[in-house]
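Asks: One-letter residues, chain by chain:
Protein chains: 2
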Amino acid sequence: MKRKFAVVLVSGGMDSAVTCRIAQKTYNLAFLHINYGQRTEIKELQSFHSLADFYKVKERLVVDFTHFEKIGGTSLIDRRIDIPEGLSDKETPSTYVPFRNAQFLSVAVSWAEIIGASVVFSGVTEEDAAGYPDCRREFFEIFSKLVKIGTKKDTKIDILTPLMSMMKKDITLLGTKLGVPFELTWSCYRNNDVACGRCDSCLRRLRAFKKAGIGDKIEYELQTQDLRP
Amino acid sequence: MKRKFAVVLVSGGMDSAVTCRIAQKTYNLAFLHINYGQRTEIKELQSFHSLADFYKVKERLVVDFTHFEKIGGTSLIDRRIDIPEGLSDKETPSTYVPFRNAQFLSVAVSWAEIIGASVVFSGVTEEDAAGYPDCRREFFEIFSKLVKIGTKKDTKIDILTPLMSMMKKDITLLGTKLGVPFELTWSCYRNNDVACGRCDSCLRRLRAFKKAGIGDKIEYELQTQDLRP
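Line by line, the protein sequences give chains V and E. In terms of this note's numbering, the first sequence has 178 at position 178, counting the first letter as 1, and numbering is strictly consecutive. In terms of this note's numbering, the second sequence has 69 at position 69, counting the first letter as 1, and numbering is strictly consecutive.
Treat the hints with care, since some could be wrong.
In the DSS-like style, the derived pairs of lysine-lysine whose C-alpha atoms are separated by at most 27 Å in a straight line are [unchecked claim]:
id : chain 1 : residue 1 : chain 2 : residue 2
1  : E       : Lys58     : V       : Lys70
2  : V       : Lys70     : E       : Lys43
3  : V       : Lys70     : E       : Lys217
4  : E       : Lys56     : V       : Lys70
5  : E       : Lys2      : E       : Lys169
6  : E       : Lys70     : V       : Lys2
7  : V       : Lys25     : V       : Lys70
To be clear, the hints were calculated from the coordinates, so they are not data collected in a lab. Bear in mind the structure is a predicted one, so any value in this text is a computation, not a measurement.
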């Protein structure tokens, strides 16, 4: 039986890389990447294409969301706001990009309906939902209803989030077991060459590798002593 | 008391022009226009700015959704697919742009959260829902829930669709009563100079004016005899 197509949202980070691998077991893949003007887009786009090459994915769509630069209001995009150092403990960190996942998922669904894909995969995790309300499980449940009512009668597109309830450590272990090339992924919020090792995203990545007892092959400017493998 | 801000999705058509007028009664306005590569964008963008000038709106955001051209699959964008002539009776016409409203509304909500607007207005009508599933009342109800769960705890953004249950004839009458400058609006799916008078959108506009017993001041290439005022 011919495999169905799945659109996978691929930021180029660890979670999306593992999600690709899970999706690949069942579906032909179509990779979607959104450039929203974030500081590290050069590196993220490179990771996107490296992962697409690794998984032999021909169907690739890169969407330029330049309006996020006009909208502003987040340190991930606005160079006048510093990327905070350390693990975030704020309710909503400055790296919050309002309603980002709604925009990303909507494009994914539009594309899925055109190419006849039956699934959209997102590597979102509930762990991120503390600071980012559009990462909540309930957000994805409601979005699934929106897709059902807002597409053609004969269209059926499921939104799948296989990592939703997993902790980063377990994602690291799972990815390693599945042979996910984490060295091709990018997590740093700040740099486009060597990962800073100090932003929330670097620290969470380092902590995950540390807890999993696995070495991270990418290079860091700085690693705090207790996070070194 | 200082007026709150509302983001209004302004395509440049009749419905959005009337929606602006309704929103203006209560809110300071911020106008959002999406260029998704549609054939008539030159004229729609002109209408957007003309309406913004008319309503004295300084806050304007024009978003370029060029990815719709990459995604394709709709006659509104793809020049290789003809715009059909006559009133549409198909379940899903070729002018359908998959999940368009989800993308538009998501950008509106992102912008609203950044500028602190408490409302997003859309000029959508249920009359369009026959061919466009993302114009359904239920779609907007679910989207409202999505906004509630997917934005910050202290954010409260209502999605308002004041024309939802109105027929085009009644929108024409209401707009005329409220002094809406319909001569600044654009409805034609096909042309950027003189309205074609033959596409579904022109025919529905002409029929609405005819039923309302009001003259349409814009110029048409052709008007079928029975729709002349």
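Asks: Which numbered conditions among the earlier hints are violated in the structure presented, ordered from lowest to highest?
Replies: 3, 5, 7
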